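Chemist: Position chain B against the provided structure of chain S, taking the given hints into account.
The residues making up each chain are set out below.
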Amino acid sequence: MKTDMPLSRPIRLFVNQTEELLDTEIALLRNPEADQNGTLVDVYTYNIEKNIILFPPHYTGLLKDFIIARHCVNLLIRGAAAKKSRYLVCSFTGDSVYKGIHQIYIDALKDEAKKAKKLPVQKFIRMLNILYTNFNNDINEFPWNPIANAIVYHRIPQIRKTQLYYLMKEGKMDMDSMMEFEDIIPRRYFVLSKSMFYARDLYLARILPADELMPVINIPQMKKFNHLEVKEMLTTRWTQTSWYQSKIFGDAMLDIMEKHLQNIDWNAEPCLDCFHDIYQIGVNMTNHFISYMSMQGWFVWETTKHLQDAQGKKAEYEFGALKKIFGDLIEKSSFDGDIGYP
Amino acid sequence: MSVTTKDVEQLIKKGRAYSTRTKYREALAYYEKALELDPSNPEVWCLRAATYIEIGRNEDALKDCEHALSLNQNYADAWSKKGYSLYNLGRFEDAVHSCTRALALNGNDASAWYIKGVSLDELGRTAEANEAYGKSLELEIIFDMQADLKRGGR
Numbered sequence: 027m028k029t030d031m032p033l034s035r036p037i038r039l040f041v042n043q044t045e046e047l048l049d050t051e052i053a054l055l056r057n058p059e060a061d062q063n064g065t066l067v068d069v070y071t072y073n074i075e076k077n078i079i080l081f082p083p084h085y086t087g088l089l090k091d092f093i094i095a096r097h098c099v100n101l102l103i104r105g106a107a108a109k110k111s112r113y114l115v116c117s118f119t120g121d122s123v124y125k126g127i128h129q130i131y132i133d134a135l136k137d138e139a140k141k142a143k144k145l146p147v148q149k150f151i152r153m154l155n156i157l158y159t160n161f162n163n164d165i166n167e168f169p170w171n172p173i174a175n176a177i178v179y180h181r182i183p184q185i186r187k188t189q190l191y192y193l194m195k196e197g198k199m200d201m202d203s204m205m206e207f208e209d210i211i212p213r214r215y216f217v218l219s220k221s222m223f224y225a226r227d228l229y230l231a232r233i234l235p236a237d238e239l240m241p242v243i244n245i246p247q248m249k250k251f252n253h254l255e256v257k258e259m260l261t262t263r264w265t266q267t268s269w270y271q272s273k274i275f276g277d278a279m280l281d282i283m284e285k286h287l288q289n290i291d292w293n294a295e296p297c298l299d300c301f302h303d304i305y306q307i308g309v310n311m312t313n314h315f316i317s318y319m320s321m322q323g324w325f326v327w328e329t330t331k332h333l334q335d336a337q338g339k340k341a342e343y344e345f346g347a348l349k350k351i352f353g354d355l356i357e358k359s360s361f362d363g364d365i366g367y368p
Numbered sequence: 009m010s011v012t013t014k015d016v017e018q019l020i021k022k023g024r025a026y027s028t029r030t031k032y033r034e035a036l037a038y039y040e041k042a043l044e045l046d047p048s049n050p051e052v053w054c055l056r057a058a059t060y061i062e063i064g065r066n067e068d069a070l071k072d073c074e075h076a077l078s079l080n081q082n083y084a085d086a087w088s089k090k091g092y093s094l095y096n097l098g099r100f101e102d103a104v105h106s107c108t109r110a111l112a113l114n115g116n117d118a119s120a121w122y123i124k125g126v127s128l129d130e131l132g133r134t135a136e137a138n139e140a141y142g143k144s145l146e147l148e149i150i151f152d153m154q155a156d157l158k159r160g161g162r
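Residue numbers (this note's numbering), protein chains in the order written: chain S, 27 to 368; chain B, 9 to 162.
One chain only, chain S, in its complex shape (with noise of 0.2 Å):
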């Protein structure tokens, strides 16, 4: 491991322990431009030469050490699938992207039909690659999320009063994002958006006691948490909220994913081999998600390589699939495809 950073012991062990079951070295390194749930830039990922785990500095105790527990997990998962098969992702093709852009444009048609205030065609166009976008990032990331959550629960118990606020924040932020742009978006991709993120809240409710993650009674900020539990504290934003369509696909989603982690040993003596186990539970239920989602087509598993590829011609796909959907309307000159919300 190489840092001069203070770690407490069971994270430092954690570290040596990933580090050794990999046989490769991590970096840790405070970064003011790092995300708040820390990054982690990888060999499995990447052409460098070592691990990397980026966080932002002004995290410096158990906040640091659960952000570095969490990317340990991912690193793990990571490299047992690339020493033990390969390792893939969800990549896209200029066929996908079409598949993908053309069924939002579809139910995007549907939606605006609707509306009083249509949307203009530019914003319209824009809203199909982003959406497009997101989706792929969400498909890569959120089926990971409870996995490392859970085991990092389960194997690092020091460390559940830190997880408990870290999982608070992490889904108060994701039920908060993208809200400024509900009437922009689809409601089916508004809704299915926002499910992910509530099944994979009340998964993690489910799964991790509650009675042990009883939230820090004497911080003044959370005494509105006082006396509930986790479960609770979460069903109950998600029931009080705006969102509640999700509730339902959410529902589905939750079993879906109960479905497919409960054959995990959480406790199972840490190794190459269930590491690779769990990234093959991951990936079969990547699919059952996308397949759910009613996605099928919209990706490719391919190496981490072709997905760098594809990023950087992501802006010729889209305008391929733009051409395909509006033929001639779609101007190559008037086409940004490196753009912010609309």
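Do not rely on the hints blindly, as some may be mistaken.
Residues of chain B placed beyond 10 Å of chain S at every Cβ, according to the derived structure [unchecked claim]:
1. L43
2. S78
3. G142
Here are the simulated lysine-lysine pairs, DSSO-like style, with alpha carbons at most 27 Å apart [as the list claims (entries may be wrong)]:
4. B:K21 x B:K71
5. B:K21 x S:K76
6. B:K158 x S:K195
7. S:K198 x B:K21
8. S:K349 x S:K136
Which stretches of chain S does chain B cover? Using the computed rule of at least three CB atoms under 8 Å from a CB of chain B, they are [unchecked claim]:
9. 31 to 41
10. 49 to 63
11. 82 to 95
12. 161 to 170
It is worth saying that the hints were derived from the structure and are not from the lab. Just so you know, these numbers come straight off a predicted model, no measurement behind them. Ideal Cβ positions, reconstructed from N, Cα and C, are used throughout, including at glycine.
Modeler: Using the frame of chain S, we list chain B on its own:
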């Protein structure tokens, strides 16, 4: 305010800005200029110590903390950074002592609680370590929530 004091404050500000961006060599240069102008300023010694810690020069950090404390025995940050450098040097018992001094002066130093926790953990004093971790986590959560509010979170 004398011109020198103003200059020192400017140098500290620049040093902090570089340090925040993890540009430690540049930060050190500003702190050294500040020390040339005002070697009796414990804050600058402590800031240079913090920068030394970041680049792994823990012996130098320890010396700077001791210098800062010789100028002001009640300087909580200097005790805290001293604890940090002692932990990095593997002197866990001394680190616990320094962090305890830091926390007696400022109980809201999340980092000092954490360093105390990891040092106690290394000494096998698990129950005390857990208590220190608990305090560290409480403070870290409060600071994180405040930071989120500042960033415009709800």
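Chemist: Closest CB-CB distance from L43 (chain B) to chain S, is it above 10 Å?
Modeler: Non-interface label stands for L43 (chain B): nearest chain S Cβ at 23 Å, farther than 10 Å.
Chemist: Against the 27 Å threshold, does the CA-CA distance of K158 (chain B) and K195 (chain S) hold or violate the hint?
Modeler: holds, 15 Å
Chemist: Examine the region 82 to 95 of chain S for residues whose CB is less than 8 Å from any CB of chain B, and state whether their number is three or more.
Modeler: This one holds; 7 residues, not fewer than the three required, reach chain B with a Cβ under 8 Å.
Chemist: Quick check: the region 49 to 63 of chain S, covered by chain B? Criterion 3+ residues, Cβ under 8 Å.
Modeler: holds (count 3)
Chemist: Non-interface claim for G142 (chain B): all C-beta distances to chain S beyond 10 Å?
Modeler: violated, 7 Å
Chemist: Beyond 10 Å from every Cβ of chain S: is that where the Cβ of S78 (chain B) lies?
Modeler: Holds: least Cβ distance 25 Å, greater than 10 Å.
Chemist: Within a Cα-Cα threshold of 27 Å, do K21 (chain B) and K71 (chain B) meet the stated pairing?
Modeler: holds, 22 Å
Chemist: Holds or violated: the region 161 to 170 of chain S covered by chain B, criterion of 3 or more residues with Cβ-Cβ distance under 8 Å?
Modeler: violated (count 0)
Chemist: Between the region 31 to 41 of chain S and chain B, see if three or more residues pass the 8 Å beta-carbon test, and mark the coverage as holds or violated.
Modeler: Satisfied; 4 residues make the cut.
Chemist: Within 27 Å, alpha carbon to alpha carbon, are K198 (chain S) and K21 (chain B)?
Modeler: violated, 35 Å
Chemist: Quick one, are K21 (chain B) and K76 (chain S) close enough, alpha carbons at most 27 Å?
Modeler: With a Cα-Cα distance of about 35 Å, the restraint between K21 (chain B) and K76 (chain S) is violated, given a limit of 27 Å.
Chemist: Hint check: K349 (chain S) vs K136 (chain S), CA-CA at most 27 Å. Holds or violated?
Modeler: holds, 20 Å
In terms of the numbered hints stated before, the structure departs from hints 3, 5, 7 and 12, listed from lowest to highest.
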